[in-house]
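2 protein chains.
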Amino acid sequence: MKIGIVGLGLIGGSLALDLRPLGHQILGVSRRTETCDQAIEQGFVDAASSELSLLADAELVFLCPPLSAMRSTVEHLIPYLKPETILTDVGSVKASIVQAIAPLWPNFVGGHPMAGTAESGLSAAQRHLFAGCPYVLTPLETTPTPALEAMASLVGQLQAKLYYADPEHHDRAVAWISHLPVMVSAALISASAHEPDSAILNLAHDLASSGFRDTSRVGGGNPELGVMMAEYNREAILDTLQTYRQHLDALADLIQQENWQALATQLQLTNAKRNQFVKN
Amino acid sequence: MKIGIVGLGLIGGSLALDLRPLGHQILGVSRRTETCDQAIEQGFVDAASSELSLLADAELVFLCPPLSAMRSTVEHLIPYLKPETILTDVGSVKASIVQAIAPLWPNFVGGHPMAGTAESGLSAAQRHLFAGCPYVLTPLETTPTPALEAMASLVGQLQAKLYYADPEHHDRAVAWISHLPVMVSAALISASAHEPDSAILNLAHDLASSGFRDTSRVGGGNPELGVMMAEYNREAILDTLQTYRQHLDALADLIQQENWQALATQLQLTNAKRNQFVKN
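Protein chains in written order, with the working numbering: chain A, 1 to 280; chain B, 1 to 280.
Here chain A stands alone, though its shape is the one from the complex (with noise of 0.2 Å):
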């Protein structure tokens, strides 16, 4: 198959590492000519350039930018497609993206790889980034039955877990287990920081051990990917946090009742609701 890459990242480039040893030909646009420059050199892809014309003759492409850049990308790029061009875009939110572009370019499919790492940029590329992660496909009842097929086969090739979602199922399912958890893990480092003695506050620092640890590790991510979250899964985050804080809330007030019977029970529901999440 002849496939285009829009965006050679961390993505991008994870996916022409899996696809082209598989027989694919695989031809990259990136805005930088150094990057296109590196991808050819190191075999990333067959052919690379910074105009999207080169894409002219693709038959399927992902879609890699940033998604504020997503509309701007598929606008700009319309006019080099043959009709019968599969589209499908990587992004982190669906709902936005899909009714961004869906009207204007039916054989669309949108998508979600959910493997990365804390790095990014072409050279964090790596062979099999997706095997074993899911990939979650969100087509609408409009997606042409063929573009989906074909979609399906690819996720199969880069040996990731297919699911299929609704656009809005999407992006509530990954705020609750994705973005609700960086804003939560985010309020637990400012208002620790915010501690106003020094000597207590010096010594949170010195005692603080692998419970702090794991709790604020997303919360002190990458800020960019915190704000491109809120941004583009916004409803979805305020949503959740508003039940968030009801069941902080309930917490807080067992505790101010010093009703610890309900506490215990609580706890334990939460103890072995978790394995539901987190498989081990």
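I should point out that these hints are in silico values taken from the structure, not numbers from a laboratory.
The reader is advised that the hints may include incorrect statements.
Where chains are identical, the list cannot tell them apart; a pair therefore holds if satisfied intra-copy or between any two copies.
As the list claims (entries may be wrong) - Here are the simulated EDC-like cross-link-like pairs (lysine to aspartate or glutamate), alpha carbons at most 16 Å apart as the crow flies:
1) 2 <-> 57
2) 279 <-> 41
3) 82 <-> 59
4) 273 <-> 206
5) 273 <-> 57
6) 2 <-> 46
7) 82 <-> 57
8) 161 <-> 149
9) 2 <-> 258
10) 161 <-> 206
Quantities reported herein were computed from a predicted structural model and do not represent experimental measurements.
Fit chain B to the supplied structure of chain A, relying on the hints for placement.
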């Protein structure tokens, strides 16, 4: 030194394992005779008994019962002790313990060795459990200097990192870095698990990955420990919870207002501040 240990679980057993090879004579007390037998057979102690009278000759006694049994343990122990015997406890909260025990036994030094494993009981005890970990001593102005010096020496022999703190400062610091994270994390599990749409909940179960795993870890931990923290450190937990809610609400407000610049500034701050708690 003739050292008594009341409560032969993970902490008491690990103290014995480190101190006996250094030449100390170890006298262990456990309510369960099987634990006493195990402690003797496996060489944890020089002598063991279910009777506190075993400690009549002890120069220093580590109190390692559950927090709920600390005061009554001391009350039962005192009739057997010489006045010069030093008492110290290993409880994870300090103000309530110090307030309860110091009036009963002036030669008392509150302590908190901050080490542990997910396991409990004598069979989980291990050598060098405390090495490199914080060991907080919480003396009062009235604490006798020789008692404090003896404890400082033992902490050094355990190769732990010695800190001194006011009992209330200790409790507020551990509220920030240990007890508040449990409640923050438990509320995340509780809220997520109550997603009413089963399709979304099942998808969240399927997609949860390292971010949810880390943020939810301590909230899905031992329920008894969580209740114990809340019961014995209630005031500090409620206070830090209230501050936490203000910081969480501030983040939610920025998202509500779509103030992405201010959200970016906040997340840059949490990114930087986390490094003061979590050293690499």
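Here is how each hint holds up against the structure:
Only within a single protomer do residue 2 and residue 57 lie at most 16 Å apart by alpha-carbon distance; the minimum there is 7 Å, versus 85 Å between protomers. With identical chains, the CA atoms of residue 279 and residue 41 are never at most 16 Å apart, being 41 Å at best within one copy and 39 Å at best between copies. Taking the shortest Cα distances, residue 82 and residue 59 sit within 16 Å of each other inside one copy (8 Å), while across copies they are farther apart (88 Å). With identical chains, the CA atoms of residue 273 and residue 206 are at most 16 Å apart between copies only, with a shortest distance of 14 Å across copies and 32 Å within one.
Taking CA atoms no more than 16 Å apart as the test, residue 273 paired with residue 57 passes in neither setting, with 49 Å inside one copy and 49 Å between copies. Only within a single protomer do residue 2 and residue 46 lie at most 16 Å apart by alpha-carbon distance; the minimum there is 10 Å, versus 76 Å between protomers. Within a single copy, residue 82 and residue 57 get their C-alpha atoms as close as 7 Å, which meets the 16 Å cut-off; across copies the closest is 92 Å, which misses it. For a Cα distance limit of 16 Å, the shortest separation of residue 161 from residue 149 inside one copy, 15 Å, qualifies, whereas the shortest one across copies, 60 Å, does not.
In this assembly of identical chains, the alpha carbons of residue 2 and residue 258 never lie at most 16 Å apart, being 65 Å within a copy and 40 Å across copies at closest. Taking CA atoms no more than 16 Å apart as the test, residue 161 paired with residue 206 passes between copies only; the shortest distance there is 10 Å, against 42 Å inside one copy.
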